[in-house]
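S.K.: So you can see what is in the structure, the chains are spelled out below.
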Amino acid sequence: MSSYLKSILQPVEQATGLPNKHYINPKMHQLEKKSLFFNTWAGLSVAAAVPNAGDAKPITFFDIPLLIIRDKNHDIRVFQNICRHRGMILVNEEKNIEGAIRCPYHSWCYSLDGRLIATPHVGGPGMNTHRNIKKDNLGLIEVRSHIWMDVIFINISGTAPPFQLVNKQLIERWKEFDQPIYHGGLNSKFTLKVNCNWKLAVENYCESYHLPWVHPSLNSYSKLEDHYNIESPGIYSGQGTYLYQQYQSSGGSVFPNFQNLSKKWNKGAEYITVFPNVLMACQKDHVWSAVLSPESHDSTVEEINIYYAKPNLCDNMKKNNMELWKGIFLEDIFVVEGMQNGRNCFGFDGGKFSPTMDGPTHLFHAWVAENLIIYKES
Amino acid sequence: MSCYRLAANHSKDVNEVAFFLTQAYIFSLETGDSVVSNSIFLELEKMKRI
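From first to last, the protein sequence lines stand for chains Z and C.
Going by my numbering, the first residue of the first sequence is number 1, and it counts up by one from there.
Going by my numbering, the first residue of the second sequence is number 1, and it counts up by one from there.
These are calculated hints, taken from the structure and not from any lab test.
A hint or two may mislead.
What the hints assert, rightly or not - Calculated pairs, DSBU-like style, for lysine-lysine (alpha carbon to alpha carbon, straight line, at most 35 Å):
| hint | chain 1 | residue 1 | chain 2 | residue 2 |
| --- | --- | --- | --- | --- |
| 1 | Z | K134 | C | K46 |
| 2 | Z | K134 | C | K48 |
| 3 | Z | K33 | Z | K263 |
| 4 | Z | K326 | C | K48 |
| 5 | Z | K135 | C | K46 |
| 6 | Z | K135 | C | K48 |
| 7 | C | K12 | Z | K318 |
| 8 | Z | K72 | C | K46 |
| 9 | Z | K72 | C | K48 |
Owing to the predicted nature of the structure, the values given are computational and were not obtained by experimental measurement.
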């Protein structure tokens, strides 16, 4: 085991963080791709991105072209976005597919559930079968997927334990939110591109230590001492508050609460990272997710989607709420980009954690280290 | 799609008919026109071309 990985796995009082190479070295990024993203359940997008039957969204995940499809039964599947014939990309842009997915090259056709249904002229002009072409064995290559709180999680390797097992503790923790959630539409989604390694976005999200300095407006009603660390080793970490202040319109209107929530959620809210790359938030009147898509070792796209307890709520209120959250995300950008630049200083050795305040960040580093060790040993 | 169907109707060459029907079949599959695609499928099946 590398000595620096060993050091990360020490108790927080003695541990150091991940060294610079995990943030600035493209080769390390490739290693993390396999060990942290392909072997686990990683966030890809949200089901709300394909709301209607036949909706198809191509998406590139670590250079792999994937295709999210909602079929006629409204089931969502993720496929490798290639034809089984010559590996041609099947779908290039978001669209609604009314019938079959037709490869633009030789027109092999697939049903929305991935079955190969036509191989035109495969046996010569006007002959659509060939004894060597077994359609049953040539459907689209499906990627294992699971949807939780509208986030589409995928396991590229196909070897991870079931999502529900891996995330059992978190599902239990937030079981009160296992009820219908409604995407707020155009006024409830935004995308940000940040020039930093994806892990810095996670690390910044996990802890409340920075709130008084970076988000002074939050601190005006929810002070640092009103927050607590959330630490579940090997699975998730984050922070919570005892003083959530919900959005209120100028006329005093608020969003409706989710049903049957316990007293904890009257004033409480929680902000958790589902490792590796999904930032999630639960509040009594809305929930949201931010799926982090690493574009390279120093560039990350954040896709944020907000959900409410009821459909068809006031557009203006939803817009204002989105702007509030967007403002907070924007406030964080100089921090994560500053840390990214700082990782080019050869004197930085992974840093020194505050044993009191940085537990959730250390826990994330330990998760990274553990998974790197498992990958290297396998 | 309909032009391929038309071409198939006007051709006397069985191979040409199968070719045009195949073209029409694929485009009907793509657009989700199941009435047309089912009907052409049966024609191609009768010709042992699918």
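S.K.: Looking at the structure, which of the earlier hints fail to hold?
M.R.: Hints 3, 4, 7 not satisfied by this model.
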